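Participant: Quick note: the sequence shown, position 15, residue 17 per this note's numbering, numbers continuous.
No lab work stands behind these hints, which were simulated from the structure alone.
Owing to the predicted nature of the structure, the values given are computational and were not obtained by experimental measurement.
Glycine is no exception: its CB is placed at the ideal position from the N, C-alpha and C atoms.
Hints should not be assumed to be uniformly reliable.
[Claimed, not checked] Distance ranges between label pairs, derived from CB positions:
#	residue 1	residue 2	range
1	R52	G87	29 to 35 Å
2	K100	S7	17 to 23 Å
3	P82	N114	17 to 23 Å
4	P68	A33	17 to 23 Å
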Amino acid sequence: VSAISGPNLVEHIKSLKSPLVLVNFWASWCAPCKAEFPILISLREKWAARGLQVVFVSIDEPDDLPAAEEFLLQVGVKFPTNFKGTQELSFIRELFPKWQGSVPASLLYGPNAELLEAWEGESSADELEARVAQKLKGT
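Work out the full structure: start from the sequences and follow the hints.
Facilitator: Right, dumping it as structure tokens:
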């Protein structure tokens, strides 16, 4: 789990050269975030061949990072993830200006790291599937 800033996150998204990147902000203390995790991991696996990348960013404070890392191990995340480090949560508003402060919060980015869609709150498998399918239509 690596600390990442808003500008570094955008650069990371660009470096993935993916037609669609789903960025998910979550926290180890957030029950809806944890409930959504298996859906996001399954979505990542299902749509990877079409180019979907999923980037997790924990908003846990540095002292809570061990709990976040333990959760990631429990759910079988075997790819690099990120956390906010010591910066204020306001960095999320640089990426999602209408963010009201809730997690989970998810952002969908297109191939040039342009923000296509953003929302707060837990999503069902069907909702996430529909959003991804619509954005990857024709790829």
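Participant: It remains to establish, for every hint, whether it holds in the given structure.
Facilitator: Results for each hint:
For the pair R52 and G87, the beta carbons lie near 32 Å from each other, so the given range of 29 to 35 Å is met. Range check, K100 to S7: Cβ separation about 20 Å, and the 17 to 23 Å hint holds. At about 22 Å, the beta-carbon gap between P82 and N114 stays in the expected band of 17 to 23 Å. Here the CB-CB span from P68 to A33 is close to 19 Å, well matched to the stated 17 to 23 Å.
Violated hints are absent here; each numbered hint is respected by the structure.
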